[in-house]
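Going line by line, the protein sequences match chains Z and R.
Here the first sequence is numbered in this note's numbering, starting from 1 and rising by one per residue.
Here the second sequence is numbered in this note's numbering, starting from 162 and rising by one per residue.
Treat each hint with caution, since some may be false.
[What the hints assert, rightly or not] Away from chain Z, derived, C-beta distances all over 12 Å, residues of chain R:
1) ASN202
2) GLN239
3) SER289
4) ARG343
5) ILE347
6) MET387
[Said to hold, decoys possible] In silico DSBU-like links for lysine-lysine, alpha-carbon gap of 35 Å or less:
7) Z:LYS95 with R:LYS298
8) R:LYS360 with Z:LYS116
9) Z:LYS66 with R:LYS298
[What the hints assert, rightly or not] Sample of chain R residues at the chain Z side, in silico, Cβ under 8 Å:
10) ILE208
11) GLY209
12) LEU270
Hints were generated in silico from the structure; no laboratory data involved.
Here the structure is a predicted model, which is why all the values come from computation and not from measurement.
Cβ atoms here follow ideal geometry from the backbone N, Cα and C, with glycine treated the same way.
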Amino acid sequence: MVTTSDIWRWLEEVSDPEIPVLTVVDLGVIRSVETDGTNAHIVITPTYSGCPAMKMIEDQIIEKLKEKGVDMCTVDLTLSPAWTTDWITEEGKNKLREYGIAPPENEPDKMVLFAKPTVVPCPKCGSSNTRMISLFGSTACKAHYQCNDCLEPYDYFKCLR
Amino acid sequence: MNEAHVDFVLRIADDSLILGHRLSEWCGHGPILEEDIAMTNIALDLIGQATSLLNHAAALQGEGKTGDDLAFLRFDRQYRNLLLVEQPNGDFGMTMMRQFLFDAYRTILFERLQSSSDEMIAAIAEKSLKETKYHLKHSSEWVIRLGDGTEESHNRIQESLNTLWRYTNELFYADAVDDEMRNAGILPDLSELREQWEKTVNHVFDEATLTIPTNNWKQEGGRKGMHSEHLGYILAEMQYMQRAYPNMEW
Chain Z
1 MVTTSDIWRW
11 LEEVSDPEIP
21 VLTVVDLGVI
31 RSVETDGTNA
41 HIVITPTYSG
51 CPAMKMIEDQ
61 IIEKLKEKGV
71 DMCTVDLTLS
81 PAWTTDWITE
91 EGKNKLREYG
101 IAPPENEPDK
111 MVLFAKPTVV
121 PCPKCGSSNT
131 RMISLFGSTA
141 CKAHYQCNDC
151 LEPYDYFKCL
161 R
Chain R
162 MNEAHVDFVL
172 RIADDSLILG
182 HRLSEWCGHG
192 PILEEDIAMT
202 NIALDLIGQA
212 TSLLNHAAAL
222 QGEGKTGDDL
232 AFLRFDRQYR
242 NLLLVEQPNG
252 DFGMTMMRQF
262 LFDAYRTILF
272 ERLQSSSDEM
282 IAAIAEKSLK
292 ETKYHLKHSS
302 EWVIRLGDGT
312 EESHNRIQES
322 LNTLWRYTNE
332 LFYADAVDDE
342 MRNAGILPDL
352 SELREQWEKT
362 VNHVFDEATL
372 TIPTNNWKQE
382 GGRKGMHSEH
392 LGYILAEMQY
402 MQRAYPNMEW
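Turn these sequences into a full structure, and let the hints steer you where they fit.
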């Protein structure tokens, strides 16, 4: 008899294809998990509209559950409520930092044009003397920063609200 | 099927699709690596939005078509995008100016559409707005940097503004489709859309030391399917694979 908590635990073994240090649970893209004891129904939400990893995440979830003995698993996609970086777990944020990616900072609303760029501490040396290189980085969800002290170039997981 | 409803969704969808395709033309050609990545990231957001919107339009049509069918198998007169978004990339400044004029409009539109009675549109607007805010921040900063930069960059981006300004009136195009959508609560009141857009645009042009052209000649037609010659070339490239190898997938 499969329970929802079993499924949540198994989903912690499914990593994000683009940031493998995070699981899909850390990332907060799993919106709901249901089971009747045999089959499973899971709802996921994309981080960004064009996130190319969604299909792969879906396939990996189905594959993982099959491996655990759940043969029938359906995965649906929902857009609302829209994903926000506030849903990344604390554990996820720590994992990002250890991996060398600065986790999302508490940022002002982007609608405020000409706001000063957010201070994003360097994940390597912790210095706040850093600069934004580009608002867009190696994936849709990241910006590109550099530390002025230790010179480390690093990704910043952009705050999305 | 409600024709006005489908038309309304296609207008928003095609703006994303065509601008996303235009921006993707920069892939591998950006002036610096960071901008190459930025423009393709923005293109990806736009294509993602187009996917959601076109799937929704296909579902509303109820003819068993998919979003892909609508993206790749319509003829030029069936596209409903703004003339602005189909204009050629030109130089980097031209691309940023086109993007800025559009982003300033899009952020306000998506803000309003979050309260649409069409729940799918409201959900897509809520999702897309978060992305569009980043696009606007990026494009407005470049317009300022180039406008308030060197004599060369100033002159070139002023020239881009002179070229593109004639397509901005169409951002506020409204016809019977809009009336019907407003009555159905699908399209919220947009009466202050233009005023708000002008506020953002004037603010940024002020910082950028750019002047809005005094020539008031305006061109429109995209919302009714009457496009500039440029759309045909975009479609020829975009649709090639499906036209040459019908139903192919990978």
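Structure-based check of all given hints:
{"no.": "1", "hint": "ASN202", "in the structure": "violated, 4 Å"}
{"no.": "2", "hint": "GLN239", "in the structure": "holds, 23 Å"}
{"no.": "3", "hint": "SER289", "in the structure": "violated, 6 Å"}
{"no.": "4", "hint": "ARG343", "in the structure": "holds, 22 Å"}
{"no.": "5", "hint": "ILE347", "in the structure": "holds, 16 Å"}
{"no.": "6", "hint": "MET387", "in the structure": "holds, 28 Å"}
{"no.": "7", "hint": "Z:LYS95 with R:LYS298", "in the structure": "holds, 29 Å"}
{"no.": "8", "hint": "R:LYS360 with Z:LYS116", "in the structure": "holds, 20 Å"}
{"no.": "9", "hint": "Z:LYS66 with R:LYS298", "in the structure": "violated, 44 Å"}
{"no.": "10", "hint": "ILE208", "in the structure": "holds, 5 Å"}
{"no.": "11", "hint": "GLY209", "in the structure": "holds, 3 Å"}
{"no.": "12", "hint": "LEU270", "in the structure": "violated, 13 Å"}
Violation of the numbered hints given earlier is confined to hints 1, 3, 9, 12; the remaining hints are satisfied by the structure.
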